[in-house]
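In the order they appear, the protein sequences are chains E and H. Note that the numbering used here has the first sequence beginning at 1, numbered continuously upward. Note that the numbering used here has the second sequence beginning at 297, numbered continuously upward.
Any given hint might turn out to be false.
[To be verified] Which chain E residues face chain H? A few, computed with CB under 10 angstroms, are given here: (1) 17; (2) 18; (3) 22; (4) 24; (5) 28; (6) 60; (7) 76; (8) 142; (9) 150; (10) 171; (11) 225; (12) 234; (13) 236.
[To be verified] Pulled from the structure, derived: some chain H residues nowhere near chain E, Cβ distances all over 12 angstroms: (14) 323; (15) 497; (16) 498; (17) 690; (18) 714.
Just so you know, these hints were derived from the structure itself, not from any lab. Owing to the predicted nature of the structure, the values given are computational and were not obtained by experimental measurement. Beta carbons: idealized from backbone N, C-alpha and C, even for Gly.
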Amino acid sequence: MTAWADLWHEVTTAALLGTERRAVPDPLTGPEAAAAVRAVGDTVADAETHRPVPPRGDSDPARRAVRLLAAGSVAQRAGIRPGAPLDPCRTSDTDSRPTVGPVAVELWRRIASEWPVLDEEFVVRVLESGHRLPPDLVPGMLRRWHGSPLAHARVRAAAGTLADWLIELSPTLATRGRVAADADLTILPAPPVTEALGIAVDALEAADPDPRPLVRAVCNGSFAERIVVANAVRTLSVRSLELLLAALAPRRGEPVTLGLAPAAADLAALRLSLARALPARVAAPPSVSDQEGPSR
Amino acid sequence: MPSLRWPRSQVVALAPRASVWTAALPLVDPASWAGLGCDADAVWGRYRGTAAEPYEVVTHHRALRSRCTCPSSLSPCKHVLALLALWSDEVVPECEADQAPTAVREWCATIRVPGEAEEGSAPDRAGAASAGAERRGATGDSDRAGDAQAGETLDRHHHEPHDAAPSPGPDRLRADRVLRMQGGLDDLLRWIDDAIRSGLARPEFRDPATFEEVAARLVDAQVGGLANRVRRFRPPSATQGHDVLLAELAGWHLLASAGLERDHLPDDLRDTVDLALGWQVRQADVLASPAETDDWVVMGRSDRREDRIDVRRTWLRATGSGRWAVLLSFAAGEGGLDDTYSVGSCWPADLHRYPGRGVTRALVGRVHGAARPAQGGDGVSLDDACRLVGKAVAAEPWIERVPLHVSASVARTADGWALTDPTGSLPLAAEAGRVSSVGVVLACTAEGPVDVTAEWTAEGLVPLTVWADQRAIDIGPTTARSGRGGQ
Chain E
1 MTAWADLWHE VTTAALLGTE RRAVPDPLTG PEAAAAVRAV GDTVADAETH
51 RPVPPRGDSD PARRAVRLLA AGSVAQRAGI RPGAPLDPCR TSDTDSRPTV
101 GPVAVELWRR IASEWPVLDE EFVVRVLESG HRLPPDLVPG MLRRWHGSPL
151 AHARVRAAAG TLADWLIELS PTLATRGRVA ADADLTILPA PPVTEALGIA
201 VDALEAADPD PRPLVRAVCN GSFAERIVVA NAVRTLSVRS LELLLAALAP
251 RRGEPVTLGL APAAADLAAL RLSLARALPA RVAAPPSVSD QEGPSR
Chain H
297 MPSLRWPRSQ VVALAPRASV WTAALPLVDP ASWAGLGCDA DAVWGRYRGT
347 AAEPYEVVTH HRALRSRCTC PSSLSPCKHV LALLALWSDE VVPECEADQA
397 PTAVREWCAT IRVPGEAEEG SAPDRAGAAS AGAERRGATG DSDRAGDAQA
447 GETLDRHHHE PHDAAPSPGP DRLRADRVLR MQGGLDDLLR WIDDAIRSGL
497 ARPEFRDPAT FEEVAARLVD AQVGGLANRV RRFRPPSATQ GHDVLLAELA
547 GWHLLASAGL ERDHLPDDLR DTVDLALGWQ VRQADVLASP AETDDWVVMG
597 RSDRREDRID VRRTWLRATG SGRWAVLLSF AAGEGGLDDT YSVGSCWPAD
647 LHRYPGRGVT RALVGRVHGA ARPAQGGDGV SLDDACRLVG KAVAAEPWIE
697 RVPLHVSASV ARTADGWALT DPTGSLPLAA EAGRVSSVGV VLACTAEGPV
747 DVTAEWTAEG LVPLTVWADQ RAIDIGPTTA RSGRGGQ
């Protein structure tokens, strides 16, 4: 060991055992001090030039130990040097699908913070559009659906090989459950709606669409019905979303503010933006059988 | 004569319980108050609550005594805390000494300010030190309620005998404060000496209560900044080594020693020491300082719970000069943190710095145009980053965090994760490994190095922002109040 390392070892030992039980070493002087300064880096020299106050002589061993500790700690931090270079974690597998664009990423941020009921639909849209998830979203999504094997498998499909690579490096991102091999990852279960809302949705989805029943239901809806109304909006096709938005903005584009109309309009607009940002392009959506990996 | 206002953190520290401060927060609304005023001794006002009559609230902020007509048995009650918070926020207007309401003047006349009986016996160094602090707004860290032994608790039922001592001037107030702080710093240095004398391996140094007591004594001595640092310290667990404890004690020792020798320090270092100890600079004074006009990129954000307050650090870097600065915002109760400056945006603006050296705190002054998205792209090597940390530590030996912008990849180590490049490697803090931030950096560097903005801390690097895919990805630490800006 160097004189500096010896000194540091001695002074930290004295501090831990107590200066009543262990003698405090003398500070380095002369060439040894210069060597110590070199050992902890040139920046210590800068530190010396900035030294505000000359040290006060003190015969108290505890005070001397504190001063040595303080000087040593600063010297070590000021002389910080990186450790040896390490092998970076890299994946050699590449996914030819393009990542989703910034518009879709921003939509995800809105979904995650304002309309989490659309979170799985977002991943389905990514799959159907032939895109892959941007890398920064993948760890959070794997963690988000840790307890839901089907949704977790959907994220793995949308993230490609990156997801399996991350799971291998960080097993806490895996899910314990399993999914049937023939499960279609792009099919989401239909959200439950009341009979009356179901009829209103059917009227809007009909060949001769009538948005009035759904608009009435939305405008008369109370806060307690917010979830089922949101579910009804979640079932609508793109065409019906456009019709609903038009019906909820009857006067010069100003939205109706009755009942649940603002919330329904916001959700419909978000779904419409999602559909436009990630239009379906893939003829054969992936299934679980396409995946291989540790958490299948 | 202007009153010397406390920082909000000291008002919070005065609360007998966290719940009392929480109850006080809705009352920190000027619309609920009438007759607000303050002078060099006291702050007063009438709170209009649901009761038939408003509560008369008055606090003698130098003697740390208060009176409120509410029925609460708590001392100080939520009305006193709310009044002090309004005063701290500079909402309460200043009055001349003779303009205080008669009842307030009469009550103040019954209060004896501790230490004033010894007027004229103050050591010379206090006077000299106070002169150095003249341009600062001195802040009074309040004594903790319940410290009856010190005789300085806020107590609406306890009236001192009439004491007709004349109201002291600002120099005298600052001298009092400096004396009190020096006493606290001396106590801390003695405590550290005693700890080393008896040995840090003793179990009490793994007990947070030990450090809570030290922090409370520093609060009593009005050294609020250092008290907060001591209170934030988490002692090592039984399975951890003592390195962190040794380094932290060393930092406290250096800061306390510098505080005692502040009259001999260079101006910029003295300013840095003063801020670290808990002196406050008025925002108006900072905004009156020369502006640093540049395009300021919001490089990163980190939110942390510190004591009972959420603190957001927003790191800015000038595209022209390359200099760093940090904006601070605070939140307590139901308030949120400031989301104005989102990570990855670039603001053409005037920045006004607090006094001090190194990466200083700043305030945004005039904004010269709309914010636009910024790009990463000029991350330095880890070797160069270490040099920057070294310079920062040399300039400010007790520094707790240094902003860095590096280009690196993630590597696995025996006990966690690290950033690495051809010049070396630096470990990531365990804090980063526990949350999802390391996962995001890992995912983004899967195909090659990317630019990462991080905070250097003694425990390792804390990643704040990944610059990838033409975007700034905010992965800084969050708290319950981080909101959307902290996702």
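Exercise. Broken hints, numbered, in rising order?
Worked result: Structure breaks hints 5, 9, 10, 11, 12, 13, 15, 16, 17 and 18.
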